[in-house]
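Going line by line, the protein sequences match chains A and B.
Going by full-length UniProt numbering, the first sequence opens with residue 1, and the numbers climb by one from there.
Going by full-length UniProt numbering, the second sequence opens with residue 1, and the numbers climb by one from there.
Hint data in this document are derived by calculation from the structure and do not stem from the laboratory.
In this text the structure is predicted, and so the values were computed from the model without any measurement.
By construction, the Cβ of each residue, glycine as well, lies at the ideal position given by its N, Cα and C atoms.
A hint or two may mislead.
Derived CB-CB ranges, DEER-like [what the hints assert, rightly or not]: (1) A/E171 with B/D91: 37 to 47 angstroms; (2) A/Q302 with B/D91: 51 to 61 angstroms; (3) A/P261 with B/G142: 52 to 62 angstroms.
In silico BS3-like pairs for lysine-lysine, Cα to Cα no more than 25 angstroms straight-line [stated by the list, open to error]: (4) A/K191 with B/K75; (5) A/K191 with B/K112; (6) B/K249 with A/K158; (7) B/K139 with A/K151; (8) A/K172 with B/K148; (9) A/K56 with B/K143; (10) A/K151 with B/K141; (11) A/K86 with B/K75; (12) A/K177 with B/K75; (13) B/K251 with A/K177; (14) A/K236 with B/K141; (15) B/K75 with A/K195; (16) A/K172 with B/K260; (17) B/K112 with A/K158; (18) B/K249 with B/K260; (19) A/K120 with A/K158; (20) A/K236 with B/K112; (21) B/K141 with A/K158; (22) A/K252 with A/K58; (23) A/K151 with B/K143; (24) A/K158 with B/K75; (25) B/K148 with A/K177; (26) B/K191 with B/K164; (27) B/K148 with A/K58; (28) B/K249 with A/K236.
Residue strings, one per chain:
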Amino acid sequence: MGKKRKHSETQTAEPRKKDEGAPERPKRTLMGWKDKDEVNQQTESSPDSPQVFRNKEKVMVTCSRRINYRYRHLMLNMVSLLPHCKKDNKVESRSSKGATLNELIELRGCSSALFFECRKHQDLYMWMARCPNGPSVKFLVNAVHTMEELKLTGNHLKGSRPLLTFSSNFEKDAHWKLLKEMIIQIFGTPKEHRKSKPYHDHVFVFSIVDDHIWFRNYQKSVPHNESDKMVRGLDKMTLVEVGPRFCLNPIKIFAGSFGGPTLYENPFYVSPNQIRALEKRKKAGKYAKKVKAKTRRKMHEQSNPLEPDEFADMWRE
Amino acid sequence: MGPRSKDLSLLQVENNVEDDADDVIDDASEEEESESEQEDVKLMEPSKTAIYNREGLVEKLEDISWPENVDWMHKLCLDIDQEKEVDVNDDLARELAFYTQALEGTRLAFDKFQSMGLPFLRPPDYYAEMVKTDAHMQKVKGKLLAQKRQIEEAEERRKAREAKRIAKEVQAEKLKERAKQKKQEIEEVKKWRKQRQQSGFKDGKDSMPDLGFEDGKAFERSSKKRPGVSPGDRSGGKAKQGGGKGNNKNKKNREFRDSKFGFGGKKGMKKQNTAETTNDFRAFNKGGAAGNKKRKR
C-alpha cells in the first residue's frame, strides 16, 4: 500500500505516457521488487530528472521509554518545529536497537530519523540518522531549555520555513561538513511542503563552540508600524529567542543507519557515567587521605624530633 | 582495572593547560578543561584509540548530499563568519555571538530575497497557527509585566527613601534657622533694653529699636498654614480636636457622681443608690429621652 502512495507522489512524466502501451513496464521500473532500488530511485531520480528537484525529506521522531519529562518536552518542541516530521510511539530499548528502528523508519516511509534516547532518567542522547544506508550520528545533549520556559518570549508561525545559519567552523573539517549536510537535510523544511507556511520569520543558529554544536532558534521581529517599508524595517529588526535551546556533543559517526562501521569517534568525549564515577571516587577517597595524612605527620614528627623548649618550664608551679 | 586506571590518569580535573584544538588524532596536546552545565569534562589528552576515517566521511557526504545545481531556496542555509573565538563559559559573550550570527544571517537572506522579489517577513495582519499557544503567550506577558512592575516598585521605594532623607535634612536646616532667628531677636530686645537703661529711659524716638512695627505693614497673620499645630506634630493636628461635645456631657455626669458618691468608701457600694439618692435625677439627660421609647431612633 505504501508503495502505491509513493508511485503517485513521484512526478516523473515518462512512465505515465507509457501507461497505455505497456501497463506492466512502469510498475517494474518504479515499484521495484526490492526496497533498496525504489528508495535509491527516489533519491536519485528526482534530482537527476530534467524536472525540478523536490525535497521529499521526512523525518521520524521517536524516543525511548523511561524518558524524562524535560526531554519529552524537547522532543515535542522538535515535532512542532519540523512540519515534515512524523512522531512515533516510544520504542523499547532493550531489544536490538538498530534493526528495530530501521524497520520502523521504513514502515512509516521516512527518509531520516531523530531518536531521543534517555538513559538512567538523566542523560539524553540524540541520534540523527538517514534511513536506508546513510550515516548516523550519536550526540550527547546538554543544556536543554524547552520552549515552555517563560524567559523565551518569542513566537513564530508553526511550520514556516526556517533560515539555517552555520558558523564558519563547519567547513574546517570533514566530520563537521558531514554533520552540516545532515542538519540541513533534517532541520530544513522542504519547500512547498503541505504543512509549511509562507513567510520566513525565524532563524536557526548552529554554531560550533568548544567542539559542541549549539542550537538556538530566534524569531525575527520588526516594529509593526515600520513593516510596510521593508528596508527601514530591517534596520530595526530585533531577534527574540523562541525555541528550544540545546547543546550537542558528537560522540560517534557511523557509516550505516544506527550501526555499521565507525567513521568518527570524538576523542575528547567522556561519558556522563564516567564523570559521575570520578566524582564519587574523589569523594570516597577523602577519609582515606585524611588518615594517611595523619600517619605521615606522625612519622615526620618522630623522625625529626623537636629541640626541647627552654620556656617549657617557665609557668610550671 | 587497566583501562580504568588509564582513564583516571588522563582525567585530571584540576589542571588548566592551553588548548590546541583542531588536529584531532595525532596531537598529544593537553586540553583546557571545560564544563558545560552538566559538568561535561573533557579528556586531558585526546584518546589514542579515536577513529577518524576521513575518506569514509567524505564518501558518505557525497552519498547523501543533494546535487550541486539545487536552488538555494531549497537549502536556505547561510555560512556566517565567526571572527573571534568565544569562551564557552562566558554566557553573555556566547549568547551575543549567537545573536550576531543570526542577525547577520537574516540580513544576508533579506538581501537575497529582495533581489528575488519574494516576500520575506510576516505581515502584521497574517493570522495563522503559531508554535506557542495564545494561552502560553498570555503567561509570558504576565510574567514580563510582573517583572516590570517589580522594577518600578523598587525604583519608587528607592526614590521615596532618598526623598525622605533629603526632606529630613531640609527640615533640620529649617529648625536650625528658626532657632537662630529666635535667638537673634531675643538678643536684639536685650540690647535695646540695655540701651534704654543706659540712656536713662529718655523715650526719644531715635532710641527705639527698629522692630519693624512702624514699617506700615499691618499685622500679618503668621504664615503658618495650620495655626495651633506645631510642625513636629505627628498626629496630623487632630490630637487637640474632637470630643468637645461629648466631653462636656461626660464631665457633668462625672462631676455629679463624684459629688454624690464621693471618693473612697466601702467597695462595691460606690455607685449604688441610698435612701436619699433614689429620687435624685440630676444626672439624667433632661428631656433627651422624651417621646415614645418604642419609636426607633
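So, going through the hints one by one against the coordinates:
no.	hint	result
1	A/E171 with B/D91: 37 to 47 angstroms	violated, 26 angstroms
2	A/Q302 with B/D91: 51 to 61 angstroms	holds, 53 angstroms
3	A/P261 with B/G142: 52 to 62 angstroms	holds, 54 angstroms
4	A/K191 with B/K75	holds, 9 angstroms
5	A/K191 with B/K112	holds, 16 angstroms
6	B/K249 with A/K158	violated, 81 angstroms
7	B/K139 with A/K151	holds, 11 angstroms
8	A/K172 with B/K148	violated, 45 angstroms
9	A/K56 with B/K143	violated, 41 angstroms
10	A/K151 with B/K141	holds, 10 angstroms
11	A/K86 with B/K75	holds, 21 angstroms
12	A/K177 with B/K75	holds, 15 angstroms
13	B/K251 with A/K177	violated, 101 angstroms
14	A/K236 with B/K141	holds, 22 angstroms
15	B/K75 with A/K195	holds, 17 angstroms
16	A/K172 with B/K260	violated, 112 angstroms
17	B/K112 with A/K158	holds, 23 angstroms
18	B/K249 with B/K260	holds, 17 angstroms
19	A/K120 with A/K158	violated, 33 angstroms
20	A/K236 with B/K112	holds, 18 angstroms
21	B/K141 with A/K158	holds, 20 angstroms
22	A/K252 with A/K58	holds, 23 angstroms
23	A/K151 with B/K143	holds, 9 angstroms
24	A/K158 with B/K75	holds, 19 angstroms
25	B/K148 with A/K177	violated, 45 angstroms
26	B/K191 with B/K164	violated, 40 angstroms
27	B/K148 with A/K58	violated, 44 angstroms
28	B/K249 with A/K236	violated, 77 angstroms
Hint compliance for this structure: hints 1, 6, 8, 9, 13, 16, 19, 25, 26, 27 and 28 are broken, all remaining hints hold.
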